[in-house]
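Make one complex out of these two single chains by using the hints.
Quick note, the sequences are listed as chains A and B, same order.
Letter 130 of the first sequence, counting from 1, is numbered 130 in this note's numbering, and no numbers are missing.
Letter 14 of the second sequence, counting from 1, is numbered 273 in this note's numbering, and no numbers are missing.
Hint data in this document are derived by calculation from the structure and do not stem from the laboratory.
Virtual Cβ for every residue (Gly too), placed ideally from N, Cα, C.
Any given hint could turn out to be false.
[Unchecked claim] Derived coverage of chain A by chain B (criterion: at least 3 residues anywhere in the stretch with Cβ under 8 Å from a Cβ of chain B; other residues may be distant):
hint, stretch
1, 27-37
2, 221-227
[Claimed, not checked] Sample of chain A residues facing chain B (criterion: CB under 10 Å; computed from the structure):
hint, residue
3, G55
4, C129
5, T191
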Amino acid sequence: MKPRACLLRAEGTNCDVETFYALELAGADPRMVHVNELRARSQRLRDYQLLVIPGGFTYGDDVAAGKILAVELISFLREEISEFVAAGKPVLGICNGFQVLVRTGLLPFREAGRVRAALIPNRSGRFECRWVRLRVEETPCVFTRGLAGRVIEMPVAHAEGRFYAPPPVMEELETRRQVVFRYVDGAGAPTAEYPANPNGSEAAVAGICDAAGTILGLMPHPERYVRPVQHPNWRRLGISGEGHGLAVFRNAVAYAAGL
Amino acid sequence: MIQEVRVAWREGFPDPQGEGLRAEMMRSLGIEGVARVRTVKVYRFEGITEGEADYLARALLCEDIYQEYTLNRPLIRDADWLVEVAYKPGVMNPEATSLVKAARDLGITGLVAADSGHEYAFYGTLSFEERRLVLDRLLVNPTVQRVVTARPATLVIEGEPGPVEIIPLREMTDDELLALSRDRLFLDLEELKTIQRHFRRLGRDPTDCEIEVLAQTWSEHCVHKTFKARLEVNGEPKVPLLERIRRASEEAAHPLVLSAFEDNSGVIEFYEGWAVCGKVETHNAPSAIEPYGGAATGSGGVFRDVMGTGQGARVIASTDMFCFAPPDLPWEEVPPGCLHPVYLLRRVVAGVRDYGNRMGVPTNNGSVHFHRDFRAKPTVIVGAYGLLPAKKAIRGRPKPKDLAVVVGGRTGRDGLHGATFSSAHMTASTIEVHAQAVQIGHPIEEKRTSDALLAARDEGLVRAITDCGAGGFSSAAGEMGAEVGVHLYLDRVPLKYTGLAPWEILLSESQERMLVAVAPENAARLVEICRAHNVEATVIGEFTGNKRFTASYGSRKVLDLDMGFLHQGRPRRTCKACWEPEEVPEDPIPPLEDLPSVLRAVMGHWNVCSKEPIVRMYDHGVQGALALPPFGGVTHAGPNDAVVLTPLLGRPYGLVIAHGLNPILMRLDPYAGALWACAEAVSNAVAAGADPAELVLIDNFIWPVPDERYLGALDLAVDACVDFVRATGMPFVSGKDSLSSTYLGPDGTRIDIPPVLCISAFGRIPDVARTVSADLKGPGHLLVLVGWRRPPEMAGSVYLELHGASSRQVPRVDPLRLVEVWRAVHRAIRAGAVLAAHDVSHGGPAAAVAEMCLGGALGAEVVVPDGEDAGPYLFNETAGNFVLELAPGADPAALFGGVPWRVLGHTVDGPVLTFRLGERRERVPLADLEAAWRRPMREVFGP
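In isolation and in its complexed conformation, chain B is listed as follows (with noise of 0.2 Å):
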């Protein structure tokens, strides 16, 4: 029998959950009926006695100085209305290996199984429509929640292991063929052909295993077959796109650079023995269907990629890059099968702030975007950054005879087809067809594997290290062993429950695990080691020098391929790429008429207005190693433009990361785009400090599904990242491409998600001291703007979005000039002659200007000179420009001699920003815009 024990605050406690998600009611759902929401937390418990429970609640469960508890009876029977929402079975509550540890430490030992969920009490009148409205945008998310009815049977979860299938592929027909990859294996029937011709030629048909680890190794988001694809732009042949990347990348020939695309991150040289490692990833697909989960696990594989670089590496810090339809977007626009965007935001947030909150890793770098087509699936971008020592830095390789030792948790049906299934469209069943492909993630034992696993490094015990992230062990075990050969014990790989088929074995995503090559005389102490770290560590296959992909299931052989058909055997495909450009009016721009309320707009635009209330959710402090926090200044409000980290604590010596993006320019112009995009990137960097010589570049592609127009504009844009890479030296050592953003509707609507480029860079400072940040010093100080820009170029900004208006002038960047815009930037600020420095993106300088007095709580006189269109002047966008206070005495014209810049005012005392337009002088109070700049994501997440 299960025992339930009930806990809830006591009466006359106040119980945040419940005031927040009434007040959650009231803002989102308009349910204004509801004058009291009480939670109640719920454990479930298998195998042990009512006495035990009883026992388990005194002294685990309840602490009776503010909560009470009841034992297998309910606790609140005066609600008018109850539910109760959990886990649904399967889905892995990681509070349940918690409850079962305390409970063996209490010496209760016959618990068999536990598990936890909540109760909500609603008190007030709830219409039938309004609980359904309750349950379905607030509490459940039918993915992985359920709400619960009746007291479950069992919480324990086994099967028997289903058989393995022999495919009777060499018969089929192409209809067949094309029928096994709709819902399973997401091949076209070229590569299916393939396969097929492969096995005919074997004489034997596949098994399940087989065919499934081709269809992970073969897939999209393995492979990057359009990346790698030969291309045809315009009619002419091109060098493939990925190719393009690297090959200018390694022209650059970067003295930092240690380790560029070989590795799970890309790493660089920092001082005194160390290296830095740096890795973006996206989780879009994941996040548009369960975000909380989505996000968590997004940031887990990152993590788990600079943990898998090199030797090993400690992940220092993290960053969160999201793309959304606004959050006032009516319901009823929010496509069939999709999310709300406050509801993706909200846990989107909060999926991210889990993971790295309870893994220690501070996210202390990101931005939040809005355009109306993400409604349909956000982008959802989550970088990492680690240390580890040089020597540590390059990536393994494993001998023939060395073991392969899973690491950390234990594999599970999750995430089945997550590989395949992030390369389809999404569609509207999506939500239902791969419900399985979502997990919740569990941080703790993330921890603790890379605890564990940073002594094995430390021991010298570890010879390759991989994630088992997208495609699991199929794909860890491919790629690590591709060069060498494999065989795993798939028997032998410890599972959360039984009844696991051995292609789900092979296939499992099942989070926080680790494959490790290691010498045979080492596996004895690296398992020592994770044990000490309650860590499970299981030899599960050893390399075996015969260049094939093997398992077997006990005495049966399951899976064997030839490494070399596995990896090179794939049909290389040809793409057509042909750009044509949105057709776009050109509206003359605006004159801008009532100065205040523009700005108030601009400042409470989507894209403009503060996200700290995001950032206060992330423990963006953690390892001790903030030196430029995300915001500062005088009410810690005003925003930087990068984060600034002293991972080697007690050494000056820093490591700066930084971004950009665009989205919407990206879509009128994917060139002119995505150099806004690198600019911006690196523009960030420079404002606080760093030295343009010692930055590197990660980039993200998240596009829809190439048809021949937009591979045109992916070309353009990788062109736009060859160009950059040439004109300023500056090397990509990561980068990866999520091609599948795009939506089909049950009606046939089709939505094109905006094409996303995000630029990462990361580098390093040899001294923090000499470094800058964005909050106005002091009163009477020069302001100056540095930069090449053309006014007029308008396209994509804000201030036309506000306007109603368009255009398609886009502001366009000369990564060579730009050059000497950062070097000039970079030694002023290097003088000591630059107080503070803001980088000009959104809202333009004006907006810049804004941000910098907020956090100096210092005004400005901003001056538009005679003969400039104030429009323009004070909200043009392009990137590569800067807001520079100076030092008292110090001479712009000897500063910046080289390179475009001017006077844009100074700063004065008092709480006001004065613009002076020829004879018109227009006050705006610093109140009044900091009230519009911190309305809209108070509104979201609260005051």
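For reference, chain A alone in the conformation it holds in the complex (with noise of 0.2 Å):
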């Protein structure tokens, strides 16, 4: 049976398409579903076995990105998304997502309310959209089994994707194994330059997991890289097969049918 993958939506969601895209080409059986149908109970999360916070700009990111629907998911279905998290059903926070997950305190920590690192407006001072490579790490996070140590491409659109963590957090994540993806320069090294780290991340941070590996967030945007077109040089690099987002979604997708 397809694992069943619940698509958070609020107002100003706005990858909802393609994520809903690249979620059923990876083998799950997604439904959007907006926050509200979750606050008025008329859907359950316990009804499904992977949760996916899209990109966009909830609530017009107001006051800090996805901070209103952090506290909205806080206030009212805390203990929902605990329990969802306790059972070890995998969370997959993109972009604002990631925003949102770092807000309510489930990543880095899973301590929901208690905000404990920061995705801060970027270095640049702008909004940017460009592809980026990434250097996949040796973590725990089931999103990314079998890709440790591999470079990948994808795509950053995004105005507050500088993640901040302070140095005894920062710390705790190295030892963890917790920084899943981190931005790097052509020859592979993490980088703290422009544009190749397009934000100025500290350790050059695009994406982290929980201790557990099963609450992934990142800035990039792995739904917008999952067929070979995607690829904005796919015709001078003769790509074909899959884009290397696919196997984010894949990995989530046999993860929760093994639950």
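Below is the structure:
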């Protein structure tokens, strides 16, 4: 049976269509679920095996990107989400979804309601839409099984993607191997240089997971590179087969199916 | 009491907004004395306690790992100058609704109103004069913003609605009629007298609602008087402009067209039961006085045109085409009442960026053109494209008893007189008089409205749909109900604040509102779907069957107009047109002397330089459909000619979008310039792999107020469009004109903005695998130039401009011959014989080759044949020419036998572009060209 994926929407969610497609392509049975449906209990998280919070500008990025939805989730769905996470079901937050996960406190340490890290305005001071190279690190993350050590490509599109955590938190993330993706330069080395590191993230962090590896948040958009023609240079590079982002969804589906 | 929370970055964190402001102060104002700028966000709440505000600060407003806050006291005390800027009361701050929502989610129920603003703290010495410059030029747009000097007493706006006024029109003299028109109605005397006669016959005077509805419906913006007028050209009668374009397009009988000039956008068939639609609009007047809000609401408006097509479409792409004065225009040359081009460009881009990005619509095709004569008013063109089921692609018609439902945002005093205002000249006093004509967009409102309406469409609930744009309900309901009649209950319209008079409710141009006609039995379900998306939907009227436009406010009838008079009663104008070309000296074409420095100058010219910094701020990849991006190649810096999307994810079908415009040529020769624009739009699409047989067109005429001469120019441009349609079989499916690009200064100076014809082309491609990009793919490949051109036709070219020369020899395009070129290029691309293709435009073939090299990180060797004049050979800008990189073994003679082609040279390894001119070899390092090409926009937007 295909695992059921809850694709969470709210006002201003806008990467839902392509994320839905990526989930379908990866073998999930996705459904768009509005946060109002969860609040009204007409949809229950427990009926799903996978939760995906897609990109967008929920509530206009007002106050801080993802903040208003994070407050809403913590205020009304804290228990359902905690239960979902505690059951080991995978949670994926992309771009705005990553911002939401960090602002709920689910990342990095599964502490609902406690903000331990932040995605702050880009060092360049502006929105950046460009392709980046990412190194997949050796981590417990279930979304990147079989990918560790590879350098993959995806686009970013955000104005608030600079990962920041206070030094002790940063240290803990490194010790527990929670940094899943890092921005790298042409030689494959993590970089602070713009634009290879498009936002000035600490330690070139592009995505992190929780200690168990079932919650993943990343700024780049894996759903925008699941098919070869989505790559800006598929013609010159003769790309065929799958886009690099699809593996993330396939891993999520495989893991959810095994629960 | 108002509670104030101030939030700022903790010490030690960089403040990008403050740093950006400091850099901008140095760059554009030359102010060096400031060592640091800090920014503070100021939130204000009404109706809650200090304790609750403190809770909000901790739970919502401030994340203490990198921010700090204060409650009801200043956060920064050590700055040399501290100033707060906020929206004016009445200008809707989009953030306010989110603040109220989040507070409620946190259990705070007493919040009545919220607002926010920004404080700027400057460290360093600033003279009084410098402070004034920073405020006037960088921080405060007085149209919508103000400096906050004290805590406001309240954030709530309210008032009593004004009474309905009866206008004593029947007794007015001509002078009184004109006085009424001048700042309110913008109608001419003949129109006013027609209205006067109408009410004399009725035996009563009109209400303010009636006179406003008539003025709006008859405004140039809404009814296109000039385009529909009887014409006399050089004394001879001629078919009206609009009719010419429509008739030629109809006669083309293009098999893909589903709906043309019928609906809010033009619709063509796509694949597998789907259709795509396109619409392009201008938003010049609002953008000239408040570029951020003007451009944002321009995007919002054109998106709603797509949302309001058929029974509703999903917006899948956006385009933006701008014309400004060059960014290096000295401040003293900015006309009184106008804004500097750097400010305009940055703020217009920000407006398009924020609306498109937040709405989740990729902005992925566009261009920016610069010419001194745009200093009085920019041209801001925004397009939108949509996807909808072919079965729901035809404009719906309400039936009697259907209900009129407003969906989306609330109605406020926004944009009143926007429709009539954009038809008036721009004057030095425009900024003051029409301040309320601009507003800030709310893209999230529009996005959730779109989500709700698409769900309603899929359930078959939508009979007809249109957007509330210029003219508000007056226009939306007046047009939707034109055939059956409609009654509106104005007191049921949800308002942003109390105090709106009935005529204001009717005319308000508040954004993000759609009007839907729904069968009575479906209304409840529509409202339910909207509620599930947090969207307000309210029944505000019904379609009647009496063919009248009526409205009531409570028990009072405030509007009762016959639809026939409203829509057909306007006296038709007769306009005279007579074109006379400008006096332009005919200089000899300057010889090409120092090729490397000329090529660097061409690449660094405002109209050639890379616009990548703009594109990188647009989310051009959202929706995951991008199959040919605006920029690609080895370092993602090579520009492509068109965008190709795969809106049905996973399917091979492409939607191609491209455009062309050339204001400089339009002024020299409107006929040739218009053909150039048409040819350029289509050639851009063909260069990407489009089949010319599967493309359609959209026109946008942006013209000075048409006196005889400019109307003559317009007549010629329209003729060119018609000739183009007849020669190519490509129809227009949508179009718009904006005939107000004239500026009148306080001292009587008149500036005519160059006439602009923007042609957009869109169409379908069966398989995106058969498309090409512009970046060179490998060394040792032939570069050929395909197309018709006469090299000495150099008028309007960058080459001539850089040499300070002028000419009347404009590049002439023959559309019949061009069709053969397109077919040949398309055949070659489809056959896989073309590895890279780039259309020749500003900068000529030399610039095209250079851009292809930069994209592919490869060099090229270009040979100028003996006997050719190198300047025109390399820099001629005739549209409809292509530089193609051929696959090894491809034979140009076999591919392009029937049309002119020649070998330009070949590609080589190594970062050098080499030119062979007889014995001479000129080597130009690509790095030099790239630096020159990237510099101009980096200077405007930062590195």
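Right, here's what the structure says about each hint:
Only residues whose C-beta sits within less than 8 Å of a C-beta in chain B count toward coverage, and the stretch 27-37 of chain A has 3 of them, enough to reach three; the restraint holds. For the stretch 221-227 of chain A, the proposed coverage by chain B is satisfied: 5 residues have a C-beta within less than 8 Å of a C-beta in that chain, meeting the threshold of three. Contact between G55 (chain A) and chain B, as hinted, is supported at the beta carbon level, the nearest pair being about 8 Å apart and thus within 10 Å. This hint holds: C129 (chain A) has a C-beta 5 Å from the nearest C-beta of chain B, less than the 10 Å allowed.
For T191 (chain A), the suggested interface contact is broken, since its CB lies about 15 Å from the closest CB of chain B, more than 10 Å.
Going through the hint list in order, the structure does not satisfy hint 5, though it satisfies all others.
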